[in-house]
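K.L.:
Construct all of the structure, not just a fragment, from the sequences and the given hints.
Chains A and B, in that order, are what the protein sequence lines are.
Heads up: the first sequence begins at 1 in the numbering used here, then just goes up one per residue.
Heads up: the second sequence begins at 1001 in the numbering used here, then just goes up one per residue.
The set of hints was computed from the structure by calculation and includes no laboratory data.
Because the structure is a prediction, the values reported are computed rather than measured.
Beta carbons: idealized from backbone N, C-alpha and C, even for Gly.
Hints may contain errors.
Chain A side only, calculated, beta carbon under 8 Å to chain B, not exhaustive [to be verified]:
no.	residue
1	V65
2	G69
3	G120
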Amino acid sequence: MPKLKIEDLETIAARRTKAMTVGQGAGRVKITVHLGTCGISAGAQRIKAEVMRLVQDAGISDVTVTSTGCAGYCSREPMITVQVMGQAPVKYVDLDEKKAGLIFDRHVLEGSIVEEYALGIGSEHTA
Amino acid sequence: MSATPHDTVGRDTTGDAIPGGYRIHMMLCAGTDCAGRGSYRVKEALEREITRHGLSHEVAIGMSGCRGHCGQGPVMVVNPGEIVYQGLSEHDVPRLVQEHVLQGRPLQERVHTLPPQTGTVPLISEIGFFGKQRLLVLRNRGIIDPEVIDDYIVRDGYRALSTALSTMTPEEVIQELIASGLRGRGGGGFPTGIKWKTCREAPGHPKYIVCNADEGDPGAYMDRTIIECDPHAVLEGMAIAGYAIGARKGYVYIRNEYPLARECLEKAIADAREYGLLGENIFDRGFDFEVSIHRGAGAFVCGESSALMASMEGRPGEPRAKYIHTVEHGLWDRPTNLNNVETYANVPPIILRGAQWFTSIGTGDVSENPWGGSKGTKVFSLVGKVHNTGLVEVPMGITLREIVFDIGGGIPKGKKFKAVQTGGPSGGVIPEELLDLPVDFDQLTRVGSMMGSGGMIVMDETDCMVDIARYFIDFLIGESCGKCLPCREGLTQISTLLNDICNGEADEHTITLLEELSNTVKECSLCALGGSAPNPVLSTLRYFRDEYEAHVREKRCPAGVCKALITYSIDPARCTGCTLCARNCPQDAISGENKKPHSIAVDLCIKCGICRDVCPHDAVIVH
Ligand SMILES: Cc1cc2nc3c(=O)[nH]c(=O)nc-3n(C[C@H](O)[C@H](O)[C@H](O)COP(=O)(O)O)c2cc1C
Ligand code: SF4
Chain A
1 MPKLKIEDLE TIAARRTKAM TVGQGAGRVK ITVHLGTCGI SAGAQRIKAE VMRLVQDAGI
61 SDVTVTSTGC AGYCSREPMI TVQVMGQAPV KYVDLDEKKA GLIFDRHVLE GSIVEEYALG
121 IGSEHTA
Chain B
1001 MSATPHDTVG RDTTGDAIPG GYRIHMMLCA GTDCAGRGSY RVKEALEREI TRHGLSHEVA
1061 IGMSGCRGHC GQGPVMVVNP GEIVYQGLSE HDVPRLVQEH VLQGRPLQER VHTLPPQTGT
1121 VPLISEIGFF GKQRLLVLRN RGIIDPEVID DYIVRDGYRA LSTALSTMTP EEVIQELIAS
1181 GLRGRGGGGF PTGIKWKTCR EAPGHPKYIV CNADEGDPGA YMDRTIIECD PHAVLEGMAI
1241 AGYAIGARKG YVYIRNEYPL ARECLEKAIA DAREYGLLGE NIFDRGFDFE VSIHRGAGAF
1301 VCGESSALMA SMEGRPGEPR AKYIHTVEHG LWDRPTNLNN VETYANVPPI ILRGAQWFTS
1361 IGTGDVSENP WGGSKGTKVF SLVGKVHNTG LVEVPMGITL REIVFDIGGG IPKGKKFKAV
1421 QTGGPSGGVI PEELLDLPVD FDQLTRVGSM MGSGGMIVMD ETDCMVDIAR YFIDFLIGES
1481 CGKCLPCREG LTQISTLLND ICNGEADEHT ITLLEELSNT VKECSLCALG GSAPNPVLST
1541 LRYFRDEYEA HVREKRCPAG VCKALITYSI DPARCTGCTL CARNCPQDAI SGENKKPHSI
1601 AVDLCIKCGI CRDVCPHDAV IVH
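P.N.:
Quick look at the structure:
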């Protein structure tokens, strides 16, 4: 990779934005696992592995699985965010593999929110 | 969940947020989806159009997190009226301004009629824990993959650096920082711009940039999380500091107990190098900057500036007298700028969005005096006796009550709030009557505590204040470097006095002595570790003197913690004889027949408290 020029920031941002956006490069659904130190100690790695396995077993290619930092709500980890095309992102908390499986079946595959495990929809305030 | 977006806007003092006086508020969604579809571009176009019509003082434009109005992005909410637009593009902007702002009627073809709310799932932004938070430093948390540099670039990453290098002189960067009123987030609250200026003007070359990620306070993990969420923000802040000060080399001093954060940072440094965002001649602007990681062995005292630099040079991590400043004589005796992780992470948004925006958040007035207020946000790790523990970022000036009760969700198990400790081991406790205190550097210091780096420990009625003071003093005895006598010997003596009080072996005189000794240690210690170590003692004495007096005069621990002063017994009126306590007692000190009240043999009891914890009927009482 050659050294970036200032204009390249724009190009990279445009390309990567496409790849990150649900309905574009990220496919129909994006699942984000919150993987900070706190999440990992609560078992988030296992949740991520489980989600990746589910995606693979279902043989679908329109789902992206990624990771991100801690959402701050350490007492409710492990946490994932599921975003289906055209819908608001939903955060799920206090997860284990079983709940992750159910969320996968109902929300990721069928598009309906699993209300019992959902913390909320939308995202946080930025300043 | 009562707040409508409109009154949220009206009350807000932060960036998405529009202090009064405006006729129209326009809030674009900054959620990933909307951002991906160009909400920032629409915002810029709107700002240009509004300025062109000379309406900047009437129309406020901001960004907010996703509020669940998702249709076809980008989505924008306009108040008054809470009109939701969707599918906006830059091309719609002139007509939108013409219709909505000038003619006062919504641009119908882009109005989004929300489907009726079906589910019961609340909005994230209206959940107590998140509702009052404002993400500035943690703006990318939960959104970007910290290991992917392109994700950071999508969120305007490295644009502040490119702006600084291509359009600002180093002096202008420093001036912007001074005007922003940013104060160091590592504890002291020293104005960052002033520090940079002093370091720039200090004679000597080369100069160094150091990032303090030692984070030794018990219960604090702000810096770890910032690095794990957004490592490039810290690197970009350091590079901007390097440009401003005239340094080509930066170091991150990170404790070895943070392996994930370190790996994250290592990857970020490698990726930034690969892109030429670190290295030589960055953006072809003739500026070189490199960053390396220095692993610390996890000593609390090594967070102190001169000890940190001594430790980096391979010498024992011992502080030196404060009159030699590290900005002039720092690492290898060269001018060195040391800032905290969170301080650096604040820098890119300040450069990009300007000092004026930054000063719209927070308290006081910094226009003439950088010590005149506390601007921006602060990240706290909220731990202890609260429902929601976690990492929170709030605007300066929020009250402690809002943090503990609205964000933290109050005290679990129906217990009563007693105090909150801020500032870590060098801070102090703040009692219930001061819960409405606005949180900023100066207010916290005024009441005998401090901002510190952002630890916040909540305590309830079952915490003994003497015991708490003893806990922090004992922590600091272990962390004192031993170089100077007041701290080395004084803290040990303070601990002895506190032990006497907890053991019921103290008299009135002990409290007086404790107070005198604390003040001596505070005044005579060489560095701020010893200088602030007595704070937990002095502040508990200030607000909870009655508790000390109960220990001394009545040989009673009101919170029921100090073992020498308490006895356990079982209330026969409440005990149902379920036998749970008897089965769990490690001493077999509890006896009684099934379904009949039990009792505790006082001579066998070691006061471990297990019976109280397991009893489903709260029948175990502590005197
Ligand atoms: C005993 C002691 C421990 C400290 N620990 C830290 C620390 O872990 N992290 C930190 O940023 N600052 C720590 N500080 C404050 C630093 O000395 C220094 O003031 C700070 O890093 C400057 O950065 P700032 O201006 O950005 O806050 C500590 C100070 C003392 C006296
Ligand atoms: S105050 Fe304590 S930590 Fe600081 S130099 Fe003296 S002995 Fe060392």
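K.L.:
Going by Cβ atoms only, is V65(A) closer than 8 Å to chain B?
P.N.:
Check failed: Cβ of V65(A) comes no nearer than 11 Å to chain B, outside 8 Å.
K.L.:
Would the hint on G69(A) stand, with a C-beta cut-off of 8 Å toward chain B?
P.N.:
holds, 3 Å
K.L.:
Less than 8 Å between beta-carbons is the criterion; does G120(A) satisfy it with respect to chain B?
P.N.:
holds, 4 Å
Of the numbered hints stated above, the single one contradicted by the structure is hint 1.
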